[in-house]
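Using the sequences provided together with the hints, build the complete structure.
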Amino acid sequence: MKHPGRLTRHALAVAMALALPMTASADVGYNELKKTVQQLQKQLQQVQQILKQQEAKVKEFEENTVTRAEAKALEGEINAASEWKDPNLIFHIAGYADVGYVDGGNGGNNKDGSFRVGGFAPIIHAQYKDLILLQTELEFQLNDDGSTKVGLGYMNINWFANDYVALGAGKFLSPIGQFRQNLHPSWINKLPSAPPGFGHDGAAPIYEVGLQARGGFPIGSLRSNYAVYVGNGPTLKMELEDGAFGLDGIDAEGIGADADGEKVWGGRFGILPVAGLEIGISAATGKATATLNETTGSTLSNQQARDYDVLGFDGVWKYRSLMLRGEYIESEVGRATTGSTASAGAKWETWYTQASYLVPSTKFEGVLRYTDYDSPHKSKDQQQWTLGLNYLFASNVIGKLAYESNDGMNGKPSDDDRWLFQMAYGF
Amino acid sequence: MNLSLCSKAGLAATILTLSSLLLPLSGTAAEGDFSAGAMVWSENCGRCHNIRDPLDLRDDDWKTAIFHMRLRAGLTGQEARDVLAFLVASNKPARKSIIAAKASTSSGSGKLDGQAIYNKTCIACHGGNGKGLLPGVPDFTDPKGRLSQNDEVLIKHITEGFQTPGSPMAMPAKGGNADLMAGDVRAVLAYIRKQFGN
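Line order of the protein sequences matches chains A and B. Here the working numbering is used: position 344 in the first sequence is 344, and no number is missing along the way. Basically the working numbering = 1-based index in the second sequence + 1000.
Warning: the hint list may mix true and false statements.
[Claimed, not checked] Covered stretches of chain B, as calculated for chain A (at least 3 residues, CB under 8 Å):
| # | segment |
| --- | --- |
| 1 | 1045-1051 |
| 2 | 1169-1181 |
[Stated by the list, open to error] Part of the chain B face toward chain A, derived, beta carbon under 8 Å:
| # | residue |
| --- | --- |
| 3 | T1064 |
| 4 | H1068 |
| 5 | F1162 |
[Claimed, not checked] Here are some chain B residues the structure puts well away from chain A; computed CB gaps all over 10 Å:
| # | residue |
| --- | --- |
| 6 | S1042 |
| 7 | K1063 |
| 8 | D1113 |
| 9 | G1128 |
| 10 | P1135 |
| 11 | D1142 |
| 12 | N1150 |
| 13 | T1159 |
| 14 | Q1195 |
Rather than coming from a laboratory, the hints here were simulated on the basis of the structure. Using N, Cα and C, we set each Cβ at its ideal position, and we do this for glycine too.
As structure tokens, this is what we get:
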């Protein structure tokens, strides 16, 4: 490339030389002229040198500079690459898993202890824009005989109708209380076991199949949240003792077909007077019908629909590293006066309080929980103290060691003390 | 069908419908706000489970997780957008880029002055008086506190983010504002020292 600037400067130098004024003395004039020309030559060389350097710099600059066209192309690439980030449809896998060791319990059957696979519960989310969220949780469990049990945890499709209401349908975690819907995943529960009465066929409902509206709204400067649902409700299990039927338990694990056609409706309302403090009240009411003879395993039909009522209170308070929780739930089933299983009603009731403290600047957390579960069956009544020590590998990876001191009917599993170790991972 | 079923299902349906209709529709939704989101995060996200590290998930995963949590925790749509804005700003891992290195050698460089940066990015957690608004946020005015560390340590922790083991809350890299250049970080630290140090 010929540089236009260089020519101009050569011409300028010559012109300047020619234009120098002649002196009277030719010699003096010649010498002066010579000196001037030499000086000019030197300057010219310097200028040329600088120009060379500048040219190299310009070249380097051009090499390192992106043209508009190139930038445009790059922009296109970036746009193409970001399409996987912001599609209308996003899939997300979450969930949790836990493994552990249990020593004691089971009516003395595994006194020597067993390694356990607690469960693997992957959750799949499929979200469409800001409008729809499908959430489904699968439950994998290893049975005592080595076989695997797979179940559908929850599966519901939610429509975010506006900023305060989401409407959902399908199988969902019962919104009664806190433990079932918010605390049961092993990476969240601060102890390796559920408090008695909050497990399967206890006092607290587990799942519901139906319609649900959920959301939150401010009341002045306070936060509040709600859940309202209508669903199939539970079914009832009957047991046969000395030729007479009695209520054995409530199967509130999300019933796929409503045996009596009578719906249960209920919900929970929570309010946060200050950040970190939440108080909730829950209730459900409707009908439930006996469908299973637990003693023989046979199904029952044409039984009278009984009254079914649930009431719950819960509270949580978090102050720095200290967390206090408490929850009460009762489920009451009314009497049936007709049908082959006509019998009296019954009530299941449980409550727990739990304190946990994360020792500041360490990863150790201590937990203490007391539960009192009252079942219509004296053999299942239980009072439990649980003391736990946790190590937080991360906020979602927790090692837990706990001792359960159980007080129940002599000789029953509910009376056996247990050591539990669990490694829980939420992802 | 009997009457009690009809009345109960009807009542439930009425509640569902009324609650949906009485309230404004999402078309008017405002964008998520970082500072409001930091507040929502610190006030809600440690109530049921341990507070999660913003670095745990990338942007699109946070989006579904937050919609999931909106259902669980009964957040409003605005709270969900705010906390999402906070999280997607706070989940950028610290990276030593050539450009950042260049910027740190140039003097000043920051476009904003320390006070402006503090009031825009840091105040949501550290508070106007530097004592910390949220659990886990240190008190800058404590003479034996964090400011007694040297600049090198503090600049590193501001730039890359920092969490004391077991602390309920992490300091997000650059306070969640990825636009801050090294010069800005120095400027805001100088402001913090001048304003709260003793």
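Evaluated hints:
no.: 1; hint: 1045-1051; in the structure: holds (count 6)
no.: 2; hint: 1169-1181; in the structure: violated (count 0)
no.: 3; hint: T1064; in the structure: holds, 4 Å
no.: 4; hint: H1068; in the structure: holds, 6 Å
no.: 5; hint: F1162; in the structure: violated, 14 Å
no.: 6; hint: S1042; in the structure: violated, 8 Å
no.: 7; hint: K1063; in the structure: violated, 6 Å
no.: 8; hint: D1113; in the structure: holds, 31 Å
no.: 9; hint: G1128; in the structure: holds, 18 Å
no.: 10; hint: P1135; in the structure: violated, 5 Å
no.: 11; hint: D1142; in the structure: holds, 15 Å
no.: 12; hint: N1150; in the structure: holds, 21 Å
no.: 13; hint: T1159; in the structure: holds, 22 Å
no.: 14; hint: Q1195; in the structure: holds, 25 Å
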